[in-house]
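Given only the sequences and the hints, what does the whole structure look like? Please build it.
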Amino acid sequence: MNFNSVEFFLFFSVLLVLYAVAFHRMLLRDLLLLVSSYFFYMCWNWKYAGLLALSTCVDYSVGRLLDRATDPRSRRWILIISLTSNLGLLALFKYYNFFMDVAKPAVAAFGWDISFLQHQLLLPVGISFYTFQTMSYTIDIYRGERVLERSFLKFAVFVAFFPQLIAGPIVRARQFLPQLHHAPAVTFERFNSGLFLVFKGLFKKIVFADLLAALAVDKVFSDPLSFSSWDLLIALYAYSFQIYYDFSGYSDIAIGLARMLGYDLPQNFNRPYLSQNAREFWTRWHISLSTWLRDYLYIPLGGNRAAPWRVKLNLMITMLLGGLWHGAAMHFVLWGGFHGLLLMMTPQRSQAGPPCTLLGTVLRRLGWFQLIAFGWLLFRVQDMKNFMDFIEGCARFTGGTRLSGVFYLILCAGILSHLSPLTQLERFGQWWIARPVPIQAAAYAVLLIFYAGVTLEAPAFIYFQF
Amino acid sequence: MTFQLLKILWWGLLFLLMAEVGLEFRAYHRGFDTIAFGSYQRQGAEPNAPAVSPTIQAASLGDQLEEKKAGEIRYWIASSSHAEDSYLSRELIFPTRLEGLLRESGQLAVVVNASHAGMTIQANQTDLEARGNRIHPDIVILYQMSTEITEISKMLLSPRRSESTKAKGSGGAIPPPAQPNMIVRAFEHTSIYALLKGNLSNRLAGQRVLADSLGGEGDAAFEQQVLAFVQTARRIGAEPVLCTFATSHTRSQFPNVPDAVSSFLFRYNMYLSVIGWLDAVDRFNDILRRIAAKEHFRLVELDTVLSGREENFRDFVHFTPEGHARVAQAIFSQLRQGSTSPLQMAAPHAGPDMQTP
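In the order they appear, the protein sequences are chains A and B.
Just so we're aligned, residue 0 is where the first sequence starts under numbering that gives the first Met the number 0, counting upward by one.
Just so we're aligned, residue 0 is where the second sequence starts under numbering that gives the first Met the number 0, counting upward by one.
Simulated from the structure, these hints should not be mistaken for laboratory data.
Among the hints, a few may not be true.
25 Å max Cα-Cα, derived DSS-like pairs, lysine-lysine [said to hold, decoys possible]:
| hint | chain 1 | residue 1 | chain 2 | residue 2 |
| --- | --- | --- | --- | --- |
| 1 | A | Lys153 | A | Lys46 |
| 2 | B | Lys6 | A | Lys199 |
| 3 | A | Lys384 | A | Lys93 |
| 4 | B | Lys196 | B | Lys153 |
| 5 | B | Lys196 | A | Lys199 |
Note that the structure is a prediction, hence the values are computed from the model and not measured.
Laid out in structure tokens, this is it:
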């Protein structure tokens, strides 16, 4: 059940009515959120709800045990239980076959065939997100943060909360759990601003991301050698915007839905293509993941309080694992490594030179965007052959285009929308939610109809596969 | 949170309902079936005719057929919307007309119209397997192509599908397209959906990077479907009859194909260009001819008889009443020419609108 589907529209409408009934009874409200979240998850594949429940039970119990244990050694062992179970699930469902593929040729040199050890298990949707979320909970308790949740129900809601269950933002316990202990703040303004965010996210997803994909990107990437170099370059830029609008659209919808229910989720994007270097990019792109990796991987590795070579190594390890987090394939590892390399080459804040002129800033942004786009090529290709075909197609330096005018129009609109100042968008949002309800409702009805009309294939969000 | 907060949703729902009812009213008065106003009175339908479409009736008729009488010959029409024309009454469509012609020729004929809009050859095959042994058709007539082209193009040309097939290393096996669920199917019956599909989605689909051919893989997929169907027909003891596919415009008329045709094509097909579609029709018709020649099947050359003559078509692939009459006549003529025992037929008494063109 995607956010951009008729089914979800019905599901959420029914949930809102039930939520209004249950709103003033905390237990009922939490139960409703939990049941609806599991229902939402089980619409994808009911069997894997067990994994979600298992992860919830393990980390709830580990949290309680950590709270009681005082001996550092036993605390460490309890934490290891949580890390092993969470990472074990990830390893089994997401990385097992990848490592088997890597190991197979090496083992074959000794004349052994280990193909029978491979499994055909589906990757449970959202597993990378909810395991990171539950792991951060137990690590925070281990570190002595006061985030322990004694109510199993509330903890289960925190893990399974459907707006962010499948593709984030990765919410920390201290951000979300306290909200479950108070009556959610649902006011007319917040409800309507949440709805506005949902429609904004749908616009990003359906009009920008999906149309860019459907009109050109998917076709170009599936057969790069049949397109001119110009088309390949434009498709690469288009993919950069597609993935941004797809994922930030999802985040907007998630934040909007949560706000309509009275909860706040953290921002996940801040116009990333306006960044001027790798470090700035990672403070604007998938913020909840980059801060997670910083807090739970980079800093424990030593962070930047170490010798320069060690800092660079820490950055590379963090980004390689960050790449691997996205998917069990070599091109994701290469993408992570590429960003690690860029981060290594980015000077530390203390070494940064004087501020640039306007022209300098524009050039830096443009230059940095070329590097990000190249990174997206590594991210998007199916395999290394697809990558080499793409490079070969670009290196031919051929002109002409097979892409339609409508595609170029949508790409330009997407770029302009990305460049538009945040304050203007916020001001528009505030102005909009102050309009009379029937006017807003009529506009949303028209938008819904429009979305249905421009949906050609209704693909799932890209980050669902991670 | 109170119900008061949800009023924006009630308003939104109200506007959507108003839009749907308004569009249904408009659609109904333009001759379409609607959810709110019911079925439109079809062209040529008698006021008390039981159903505008023969299919539903024929499908149930097929299940309720009595034991076969001595000398009775049963014909099974396996097609899709071409033989279940929702715009025409059952008296005007070719399965009914064919039955009329056969009976006029003195044959005790029953034509079972096993066609539904959207059916593929595989669906026809499944249906034949399921009901064929009860109904015992003697002759099975297959008239299919447009749905097949749409499905094959989805399977071969959808970039995500081809990528996922490559990624899974399935060795070229093509996964079947996912079927829409009940909620989506209900939405697809609304007038809003029909309006969007015919005015916005199809225009956008035409803006995609489209393929100009289905290539050899498409040929192989189509041939495999046809062969599987005829094998099923033989298995139940029926004689398969193939029909080439007819369209209002042919490849030789390209690029002088009206916008209405392109618009129609892109309602259902998002991967093939107009020339690609016309190319697929030509190639698939050649495959039908080849199979018929090789396996010694009877072949009805509807492509030669009807294609490129706009008076036979109300859109690119669906027939006008005249077109239906010509289809019925062409099939009848082929059946009569190639008839062998026990299908001996007398000369027909064709009506004035049933002349071979």
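Right, here's what the structure says about each hint:
A hinted pair counts as satisfied when its Cα atoms are at most 25 Å apart, and Lys153 of chain A with Lys46 of chain A qualifies at roughly 23 Å. For the hint linking Lys6 of chain B to Lys199 of chain A, the alpha-carbon distance of about 20 Å falls within 25 Å, and the restraint holds. Note on Lys384 of chain A and Lys93 of chain A: the hinted pairing holds, with a Cα-Cα distance of about 23 Å set against a maximum of 25 Å. With a CA separation close to 17 Å, the supplied pair Lys196 of chain B and Lys153 of chain B stays within the 25 Å bound.
Between Lys196 of chain B and Lys199 of chain A, the direct Cα distance comes to roughly 23 Å. Compliance with the 25 Å bound is thereby established for this hinted pair.
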